[in-house]
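Asker: Chains A and B are the protein sequences, given in the same order.
Going by our numbering, the first residue of the first sequence is number 1, and it counts up by one from there.
Going by our numbering, the first residue of the second sequence is number 116, and it counts up by one from there.
Derived by calculation from the structure, the hints in this document are not laboratory data.
Every residue, glycine too, gets a C-beta built ideally from N, C-alpha and C.
Each hint should be verified, as a subset may be incorrect.
With a cut-off of at most 30 Å between alpha-carbon atoms, the simulated DSS-like pairs for lysine-lysine come out as follows [to be verified]:
hint, chain 1, residue 1, chain 2, residue 2
1, A, Lys58, A, Lys69
2, A, Lys49, B, Lys124
3, B, Lys124, A, Lys61
4, B, Lys129, A, Lys49
5, B, Lys186, B, Lys172
6, B, Lys172, A, Lys49
7, A, Lys49, A, Lys69
8, B, Lys185, B, Lys172
9, B, Lys185, B, Lys129
Not close to chain B: a few residues of chain A, all C-beta gaps over 12 Å, as computed [what the hints assert, rightly or not]:
hint, residue
10, Leu13
11, Leu44
12, Leu56
13, Glu64
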Amino acid sequence: AQSVSQHNHHVILSEAASLELGCNYSYGGTVNLFWYVQYPGQHLQLLLKYFSGDPLVKGIKGFEAEFIKSKFSFNLRKPSVQWSDTAEYFCAVNAQGNQGGKLIFGQGTELSVKP
Amino acid sequence: DGGITQSPKYLFRKEGQNVTLSCEQNLNHDAMYWYRQDPGQGLRLIYYSQIVNDFQKGDIAEGYSVSREKKESFPLTVTSAQKNPTAFYLCASSISRFSRGPNQPQHFGDGTRLSIL
Numbered sequence: 001a002q003s004v005s006q007h008n009h010h011v012i013l014s015e016a017a018s019l020e021l022g023c024n025y026s027y028g029g030t031v032n033l034f035w036y037v038q039y040p041g042q043h044l045q046l047l048l049k050y051f052s053g054d055p056l057v058k059g060i061k062g063f064e065a066e067f068i069k070s071k072f073s074f075n076l077r078k079p080s081v082q083w084s085d086t087a088e089y090f091c092a093v094n095a096q097g098n099q100g101g102k103l104i105f106g107q108g109t110e111l112s113v114k115p
Numbered sequence: 116d117g118g119i120t121q122s123p124k125y126l127f128r129k130e131g132q133n134v135t136l137s138c139e140q141n142l143n144h145d146a147m148y149w150y151r152q153d154p155g156q157g158l159r160l161i162y163y164s165q166i167v168n169d170f171q172k173g174d175i176a177e178g179y180s181v182s183r184e185k186k187e188s189f190p191l192t193v194t195s196a197q198k199n200p201t202a203f204y205l206c207a208s209s210i211s212r213f214s215r216g217p218n219q220p221q222h223f224g225d226g227t228r229l230s231i232l
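Using the sequences plus the hints, can you model the full thing?
Answerer: Okay, here's the thing in structure tokens:
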């Protein structure tokens, strides 16, 4: 069965620190990969996605993620975080060609950025 | 302005009571989904529907029921059989499993928080 693992449950950083959130998945076939963000009191929003092509994808608000197929990973990065990045981040995967758009989510990582 | 509307924002259920959570979308999306969010567990799929009058169980369907009589609407009923209903419920939609190209990202509503009285 497919699964997604986010290793960090809660990350605390100071402003301007660099961020890397880990995401690993288990599925042997071709996948689509996503990072979603949920700011306090708001709905989930798509941060970035990977379907094919360049494994380094850039998303909104200065975030990027790198797909490393050999490591089954899709880690999220940002060179310099801001207080407004405080949110919960979810990695998600679906297998290409599976029953239409069904996503498997990781457990989520709560990011707290200290001003 | 297109999007997904979930209502109510907060809902309380008494023991033995069924409650229904509303989800409406005006994005003309074929597929709709219900997820449950619990702390430390991320999102888990309850039910999903690819097309009107059809829906499939997700990973944790027990104690829940859905209907898809209209393309725009995918209500979720939390029945009395669901023994641990306290959670945050998220509805989502995506364009279509039948569209050419990669699977499309899902758009999410603002969620409904369900609590037990």
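Asker: For each hint, tell me whether it holds in the structure or not.
Answerer: Consistency of the hints with the structure:
{"no.": "1", "hint": "A:Lys58 / A:Lys69", "in the structure": "holds (17 Å)"}
{"no.": "2", "hint": "A:Lys49 / B:Lys124", "in the structure": "holds (28 Å)"}
{"no.": "3", "hint": "B:Lys124 / A:Lys61", "in the structure": "holds (28 Å)"}
{"no.": "4", "hint": "B:Lys129 / A:Lys49", "in the structure": "violated (40 Å)"}
{"no.": "5", "hint": "B:Lys186 / B:Lys172", "in the structure": "holds (18 Å)"}
{"no.": "6", "hint": "B:Lys172 / A:Lys49", "in the structure": "holds (26 Å)"}
{"no.": "7", "hint": "A:Lys49 / A:Lys69", "in the structure": "holds (15 Å)"}
{"no.": "8", "hint": "B:Lys185 / B:Lys172", "in the structure": "holds (18 Å)"}
{"no.": "9", "hint": "B:Lys185 / B:Lys129", "in the structure": "holds (29 Å)"}
{"no.": "10", "hint": "Leu13", "in the structure": "holds (20 Å)"}
{"no.": "11", "hint": "Leu44", "in the structure": "violated (4 Å)"}
{"no.": "12", "hint": "Leu56", "in the structure": "holds (18 Å)"}
{"no.": "13", "hint": "Glu64", "in the structure": "holds (17 Å)"}
Against the hints set out earlier in the document, violations occur for numbers 4, 11.
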